[in-house]
Each structure stands twice: as structure tokens, then as C-alpha cells.
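S.K.: Hey, can you work out the whole structure from these sequences and the hints?
The lines below spell out each chain.
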Amino acid sequence: MIEMQDVFKKYPNGVTAINGIDVRINQGEFVYVVGPSGAGKSTFIKMMYREEVPTSGTITMNGVNVAKIKNKKVPIFRRNLGVVFQDFKLLPTKTVYENVAFALEVIEAQPKFIKKRVMEVLDLVNLKHKARMLPTELSGGEQQRVSIARSIVNSPKIVIADEPTGNLDPETSWEIMNIFEEINNRGTTIVMATHNREIVNTIKHRVIAIEAGKIARDEQRGDYGYEN
Amino acid sequence: MMNKEVITVMKIRTLGRHATESFKSIGRNGWMTFASVSAVTVTLILVGVFFVIMMNLNKVAETIEEDVQIRVHIDVAANAEDQQKLKSEIENISEVQSVKFSSKEQELEELIKSMGEDGQAFKLFEQDNPLNDVFIVKTKNPQDTMKAANQIGKLQYVTKAVYGKGTVEKLFNFIKASRNVGIVLIAGLFFTAVFLISNTIKITIIARRREIKIMRLVGATNNFIRWPFFLEGLWLGILGAILPIILISIAYYNAYEYLAPKLVGNFIQILPFNPFVYQVSGVLILMGALIGVWGSVMSVRKFLKV
Numbered sequence: 001m002i003e004m005q006d007v008f009k010k011y012p013n014g015v016t017a018i019n020g021i022d023v024r025i026n027q028g029e030f031v032y033v034v035g036p037s038g039a040g041k042s043t044f045i046k047m048m049y050r051e052e053v054p055t056s057g058t059i060t061m062n063g064v065n066v067a068k069i070k071n072k073k074v075p076i077f078r079r080n081l082g083v084v085f086q087d088f089k090l091l092p093t094k095t096v097y098e099n100v101a102f103a104l105e106v107i108e109a110q111p112k113f114i115k116k117r118v119m120e121v122l123d124l125v126n127l128k129h130k131a132r133m134l135p136t137e138l139s140g141g142e143q144q145r146v147s148i149a150r151s152i153v154n155s156p157k158i159v160i161a162d163e164p165t166g167n168l169d170p171e172t173s174w175e176i177m178n179i180f181e182e183i184n185n186r187g188t189t190i191v192m193a194t195h196n197r198e199i200v201n202t203i204k205h206r207v208i209a210i211e212a213g214k215i216a217r218d219e220q221r222g223d224y225g226y227e228n
Numbered sequence: 001m002m003n004k005e006v007i008t009v010m011k012i013r014t015l016g017r018h019a020t021e022s023f024k025s026i027g028r029n030g031w032m033t034f035a036s037v038s039a040v041t042v043t044l045i046l047v048g049v050f051f052v053i054m055m056n057l058n059k060v061a062e063t064i065e066e067d068v069q070i071r072v073h074i075d076v077a078a079n080a081e082d083q084q085k086l087k088s089e090i091e092n093i094s095e096v097q098s099v100k101f102s103s104k105e106q107e108l109e110e111l112i113k114s115m116g117e118d119g120q121a122f123k124l125f126e127q128d129n130p131l132n133d134v135f136i137v138k139t140k141n142p143q144d145t146m147k148a149a150n151q152i153g154k155l156q157y158v159t160k161a162v163y164g165k166g167t168v169e170k171l172f173n174f175i176k177a178s179r180n181v182g183i184v185l186i187a188g189l190f191f192t193a194v195f196l197i198s199n200t201i202k203i204t205i206i207a208r209r210r211e212i213k214i215m216r217l218v219g220a221t222n223n224f225i226r227w228p229f230f231l232e233g234l235w236l237g238i239l240g241a242i243l244p245i246i247l248i249s250i251a252y253y254n255a256y257e258y259l260a261p262k263l264v265g266n267f268i269q270i271l272p273f274n275p276f277v278y279q280v281s282g283v284l285i286l287m288g289a290l291i292g293v294w295g296s297v298m299s300v301r302k303f304l305k306v
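Top line first, the protein sequences correspond to chains A and B.
Reminder that position 133 of the first sequence reads as 133 in our numbering, one-by-one numbering, no gaps.
Reminder that position 228 of the second sequence reads as 228 in our numbering, one-by-one numbering, no gaps.
Hints are not guaranteed to be accurate.
As the list claims (entries may be wrong) - Distance condition first, Cα-Cα at most 25 Å in a straight line; then the derived DSS-like pairs of lysine-lysine:
#1 Lys68/A - Lys213/B
#2 Lys112/A - Lys24/B
#3 Lys138/B - Lys73/A
#4 Lys70/A - Lys11/B
#5 Lys213/B - Lys94/A
#6 Lys115/A - Lys302/B
#7 Lys138/B - Lys72/A
#8 Lys154/B - Lys94/A
#9 Lys72/A - Lys11/B
#10 Lys46/A - Lys213/B
#11 Lys46/A - Lys11/B
#12 Lys70/A - Lys213/B
#13 Lys302/B - Lys70/A
#14 Lys72/A - Lys154/B
#15 Lys73/A - Lys154/B
#16 Lys73/A - Lys302/B
#17 Lys94/A - Lys24/B
#18 Lys116/A - Lys24/B
#19 Lys94/A - Lys302/B
#20 Lys202/B - Lys72/A
#21 Lys87/B - Lys115/A
#22 Lys157/A - Lys138/B
#23 Lys154/B - Lys138/B
#24 Lys116/A - Lys11/B
#25 Lys138/B - Lys94/A
#26 Lys10/A - Lys213/B
#27 Lys302/B - Lys68/A
#28 Lys112/A - Lys11/B
#29 Lys154/B - Lys128/A
Because the hints were derived from the structure by calculation, they are not lab data.
M.R.: So, in C-alpha cells, the structure goes:
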């Protein structure tokens, strides 16, 4: 469960990115975060995986107050989250298999378990046959599937995705969405910032619209609501 | 108890993982590895050559120092009893290490020997030896030679106590100065090496800073990230020490084979190949490893604050 109470975020350069947000996202929900560029979407998402720290207010993720996590403990906190990025953020010198396995190696999982679990999630994203390839040998859509596989290999309760289809063509974007649907169907909470109007309007879920650092709209089965 | 064991086993397994990771990384970052190893190699050759020269100079200095002795000329008026008394008086001086008697006959023989062909002329003196009996005195510390000689000079039945006045002082000053200069130069070279190598390693790690950031985003703790880099630096340093060790060993072997026979009977000596070259190799490996580890640890540290 994710809960934000009275959250403000002001950057050192004086820009107020988040201007008082209260929101609650329950376990198993699928939420789109939409809004114009520069409205605070990215900051909203980044505070969830503690890339950014709120200036005031509390953010609780699975019962942990994110703002209070010490710098050193941040990686440990992130192990209970899956994060998917627009630019994939794969390790360029590691193979597909190694990229996914890395998330399990950091928690010092048993090698046998790692092997089994990595192949399982690679199967889920349909990349088992490319396990030994390097990211540079894959298409954008395939790289994003690796990134998704890595985000769920730890079986996190929450997956946060920051514009996961932003760099992909429409057809590949649908493939990626199908994978997120599948993950959500297994009970994982998904929070996804997106600019993809078609997807939001077709696969209906809760929509939180952020404008000028505030929640402008929060609708169950909402629409994208902006002209792209 | 059980828990503790499990934790230890996990740690060893993780260490194995880090080692494998570091080896893979060396292979995958081919050119960067080459650059770092080359930097280590070049600097260690410089350090190594300089170290070898310094150690040998030191050895020469030590030999010369040990050769310094006081020759105490004994008055011809002294009988055996007086000589014995004088000997024990000299031995009682705190700076003195040993006193050796050399009769005037032995002295003449030495003189004749040292002059070679020309020495034959002195054979005439064998009947009427003009030399004195001598005590050859060594001090515990070569620096105390002058002090001891002065004290001995005041004793009864001593005509003179000779120790190469002036020359010895100059020699000691020279040795002291060259040692200090050597230490400064080696330290300077060492820091240059550290700077050069850690800079190269830093560049290789900067190239991977995105990687480090991603690792943290995926939940790797700083220690987990640091270990493979630490080990990689260690391997790079050790790899970089191999060529310098081979080159210096070969060069020193040849230099020793060439020089040693020429120096026989001379008071100047160079250090024998074994164990000196092994010691130098040890020093170079240790330096390579230290510099490699230091360079990588310092560089990674910068990027671990994501």
C-alpha cells in the first residue's frame, strides 16, 4: 500500500514540483499517473522509490516512511520495489540473464533459486531464448521486457514504472502493457506514469492527473484527458 | 548457532560471486583493462629500476662504512704486558666493538702484498722492520670512529691512532646525503605512480558510473558494488607488476653476471641475485596491488552517493 500525506517538494533552485499531495493507493491497484510535461509527474514517481526526498509530508510505502530512510539503507528499501524506467537502465556489459539475476544476487539468494527464478520471469516476458544476449543486441521493446523482468524477479508488492513505453513504437507498447496487465493480475500494485493517451483510454484503470504539483483529477477507470 | 553458519556460508559464496564478477569485468572492459595495466607496468618499471639502484648504493655505502677502522700504532717501548694492558683499556671504551692485534711482521707482509711488484723492494726491511705493532680497532657504530680514536690517542704507549680523518667524515656525509635524496626520490616516484595509476583506473570507472547508479537503483548496497571493483583493482595491479618483474629480473641477472666477477676483491659489492630480485618482485607486486586497490576504491567512492 502507498500513502502520501501533505507532501511538498521544493527543489534547491526554487521550483516547487509537488505542492501538497494526499493520495492512497491500495494493494493490487493499477494506477496511471498522467499530466502535462513539467507538472510534477516525474517527481511524484521518483519520491516513491526515493530518488527524491519530499521537503515535507510523509510517504509510506508498504508501511515504511520513505523520507526517513537513511541514504545507506536506500538500496535495501528498493529491493522490495520493482522500478521500470523509460530508458530501461540495463547494465550494458551484462547479458540478459545476468541483468535479471543481479537483482537476486544483491539479496544473496541461493544460486539454484536464482537460476530457476530468472528463467521463470524471462519466460513470462518471452525472452528465455535471448538470455545470453547483451542488451545492445536487443530491440527497444525487448530491452524494456528485460527491465520489467528484472523489476519483478524479487516478487515485489509494488512495481513503479516511469514512462515505460516512452521510447517504444505503438505495437511494442501494447506488448509491454500486456505484460504489466499480467503482473497486475497476479496481485502486484502498479503505478505507471505515462503520456500514452491510447493506452490509458483503452486499458481502463484508475487515473491520477497531476497539474502544477497538485492532484487535478483522481478517477476510477478514468480517461487520459489531455490532447497529446 | 545454525544461523551464524548459514550467514558465513552466504558470505563466502558472495565473495566467490564478486571474484567471478571482477574477472568477467577485466575481460569485458578489454581496452580499459589494457590502459590500466599499461599504466601500472610503466610506473612499476620506473620504480623498480630506481629501487634496485638505490638498494645497491645502500649496500655499497654499508660496505664502506663497515670498512672504517682505527689503526692504533703501539710505542716500541711497550712490552707484552703493556700491550695487554693497552688492549684491555681500548676494549673498555664504550664505543669499541673489537680490538685485533697485528704484529709489525704481519703489517710489513700486508704492505708488501698490497704494493704488488713494487712491494718486493720493502723485503729489505725484513731484517730491520721500521713499522710498529698495531691494534686494529672497530667501533660498534661507524659514526663513533672519530670519538673513539680521540680517546685512544690519549692512552699511554699509543704513538698515534689513525682513521682516515676528513675522508671518513666526508664519506659519512656523502652516504647520509645520498640516502636522504634516495628516500625523497623514491617517495616522489611512488606518489607519481599512485597518481598516474589511480587516474587511469578512475577513467575506467567513470566510464562505468552509469552502471554503478543502476546497481544502486536495483538494490545493491555500496559494499556489494565496491567488492568487484576492489578485486578488479587488485588484479589490475598484480597484472601490471608481472612485466616489470620479468624485465628487472632478466636485466639484474645479466648485470650481476657481468659485474660480480669484476668486483671480486674490491670493497664495492652489489647485492646477489638471490634473494634480492625476489625481494624486489615482492615489493613490486605489493605496490601494484596497493595502488590498484587504492585507485579503484577511491574512484568508486565518488559514485556511490546516488
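S.K.: Decide, hint by hint, whether the structure agrees.
M.R.: Hints, one by one, checked against the model:
1. Lys68/A - Lys213/B: Since the Cα atoms of Lys68/A and Lys213/B sit roughly 21 Å apart, the hinted pair holds (cutoff 25 Å).
2. Lys112/A - Lys24/B: holds (20 Å)
3. Lys138/B - Lys73/A: Status violated; Cα separation ~68 Å.
4. Lys70/A - Lys11/B: holds (24 Å)
5. Lys213/B - Lys94/A: holds (15 Å)
6. Lys115/A - Lys302/B: With Cα atoms ~33 Å apart, Lys115/A and Lys302/B exceed 25 Å; violated.
7. Lys138/B - Lys72/A: violated (65 Å)
8. Lys154/B - Lys94/A: violated (84 Å)
9. Lys72/A - Lys11/B: With a Cα-Cα distance of about 19 Å, the restraint between Lys72/A and Lys11/B holds, given a limit of 25 Å.
10. Lys46/A - Lys213/B: holds (14 Å)
11. Lys46/A - Lys11/B: Violated, at about 32 Å.
12. Lys70/A - Lys213/B: Judged against 25 Å, a Cα distance of about 17 Å means the pair holds.
13. Lys302/B - Lys70/A: holds (18 Å)
14. Lys72/A - Lys154/B: violated (76 Å)
15. Lys73/A - Lys154/B: violated (79 Å)
16. Lys73/A - Lys302/B: holds (18 Å)
17. Lys94/A - Lys24/B: Cα-Cα ~9 Å, so holds.
18. Lys116/A - Lys24/B: Judged against 25 Å, a Cα distance of about 22 Å means the pair holds.
19. Lys94/A - Lys302/B: holds (22 Å)
20. Lys202/B - Lys72/A: holds (23 Å)
21. Lys87/B - Lys115/A: Given pair Lys87/B, Lys115/A is violated - Cα atoms ~86 Å apart, limit 25 Å.
22. Lys157/A - Lys138/B: violated (84 Å)
23. Lys154/B - Lys138/B: holds (17 Å)
24. Lys116/A - Lys11/B: Within the cut-off at roughly 21 Å; holds.
25. Lys138/B - Lys94/A: Answer violated: Lys138/B to Lys94/A is near 70 Å, above 25 Å.
26. Lys10/A - Lys213/B: holds (23 Å)
27. Lys302/B - Lys68/A: holds (23 Å)
28. Lys112/A - Lys11/B: holds (16 Å)
29. Lys154/B - Lys128/A: Measuring from Cα to Cα gives roughly 98 Å; hence the hint is violated.
Hint check: violations occur at hints 3, 6, 7, 8, 11, 14, 15, 21, 22, 25, 29; the rest are consistent with the structure.
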